[in-house]
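Chemist: Below are the chains, spelled out letter by letter.
Protein chains: 2
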Amino acid sequence: MSKRPGKLVIIGGAEDKKGDMEILREVVRLAGGKHARIVVMTVATELPIEVGADYIEIFDKIGVADVRMFDVSTREAANANSAIKAVEDATCVFFTGGDQVRVTKLLGGTRMDAALHKRYEEGMVLAGTSAGASMMSNTMIVSGVGETNPKIGIVEMAPGMEFVPGVVIDQHFAQRGRYGRLFSAVAQYPHHLGLGIDENTAIVVDGQEFEVIGEGAVSVIDAGRLSYTNLEQVRTGDDLALCGVTVHILPKGHRFHLRDRAPLLQQDKANTSEPTRGVDNE
Amino acid sequence: MSKRPGKLVIIGGAEDKKGDMEILREVVRLAGGKHARIVVMTVATELPIEVGADYIEIFDKIGVADVRMFDVSTREAANANSAIKAVEDATCVFFTGGDQVRVTKLLGGTRMDAALHKRYEEGMVLAGTSAGASMMSNTMIVSGVGETNPKIGIVEMAPGMEFVPGVVIDQHFAQRGRYGRLFSAVAQYPHHLGLGIDENTAIVVDGQEFEVIGEGAVSVIDAGRLSYTNLEQVRTGDDLALCGVTVHILPKGHRFHLRDRAPLLQQDKANTSEPTRGVDNE
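Keeping their order, the protein sequence lines are chains R and P. Counting the first sequence from 1 gives a position; our numbering is that position plus 23. Counting the second sequence from 1 gives a position; our numbering is that position plus 23.
No lab work stands behind these hints, which were simulated from the structure alone. Incorrect hints may appear among the rest.
Since copy identity is lost for identical chains, a pair holds within one copy or between any two.
In silico SDA-like links for lysine to any residue, alpha-carbon gap of 25 Å or less [as the list claims (entries may be wrong)]: (1) 141 - 276; (2) 275 - 260; (3) 275 - 245; (4) 57 - 28; (5) 275 - 45; (6) 108 - 60; (7) 84 - 74; (8) 40 - 78; (9) 275 - 256.
Please take these sequences and the hints and turn them into a complete structure.
Modeler: Here it is in structure tokens:
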């Protein structure tokens, strides 16, 4: 069995479910096409029946023969043998939207959690939309305020499910005016790259690289070269000053190298073994 | 008479008119306090009576003895002697919100236009909010779409009133999710610094420097070091890729040097004759 980790498909919410379904079709393709075995994980939502049934219908329509739903509403359920079994044979686990804290609260540290990591390391595709996107990182945004300038205290962070290190993910990004809160999040720890994923947009993460698919764009916010901030002098509610933040806007087809914190140019696309850095990365 | 140009107060709209009125009080202070002679210019709005009366009441409340309204609804009116006279004795002309195209269409190239420039060069304060902010630059945003990723064709530009060069101003910035459209605007001509001014927030421009006042922040978008863009390959409606854009977020009290394209650190504040550059500007 391959020990190459699987791919992550991290979706900014509101992915198309009625038209060409570009993103969900790509999830299916990566998971093995019609031979895919997809588990729709509804742990994030309080409406598992409705949300789960929707995705089962969609994946069925796309042509996946083996799609089933698995809900976790207690930690006991996530420690049961049935939980392990659900993940063991899947080629893809798809996390629906809802509340990302439900994911970490109900799955964190359970046998299901361990099984998800094991299967991901073995090559299983892990996909998530909205809350299911936010929970992918080591540190995640729990909640926050939109349509505001960056401030202390407008974004609440918590540990995530640790599938992708070094990033903080925000979703429904352009649509809900979330630049301010993502700037606030990365300012607090510039090690984290902020990934603002628009609706009906996703990144497909393969090791240190990701590629954008879907309709909108992904905004990468890099505070690594922050030249000035007033972070040390301000308190909750105060406005943040941030100088020298780098932003990359990447629509469909554009790629990025996470560890190098640099876009990968189009011509590098053929060469995946030794990515060439973008010119801003001299 | 002093030949030092006056100050510009460029307001991101929705400035406080009932509470401490920080921004409008600063306009009054700069214009001479209770000795200020303020002309409320309602050219941008189709409701000059209502909008004008509001500001007259406010400036009166702040303690300005001489505040009057001047409306221009035809180019003839902007070429009349009364138009010149209105501006000639003012210490401040305050442009209300409305539609920025009305400002350029009705004032552009008129005697009033010339008189405004002459008086500004002589030291008169020029203030404007919302549409009255947008029109200040050489190239202005006429209209655009909010809450979207940057795309070709989502922002319409036109010549402005040319009071401040080298910038494109957007207002109601965080509140209306306008990062995408301002990124689109500066991508098309990276010579322009994008200034995204939040509601109840303003910049006070003094020569090449500005300082932020008010409640929110000003986002400075600098595409001068753009490392990659797909601009040449895309058409109207297509998504823009932009890599290596620098963003500065500046709340109240923070300053910026326009020509140097660099924030001015707090400690430089005393030293206005020879501004020291921010550390990101080596």
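Chemist: Of the numbered hints stated earlier in the document, which are not met by this structure?
Modeler: 1
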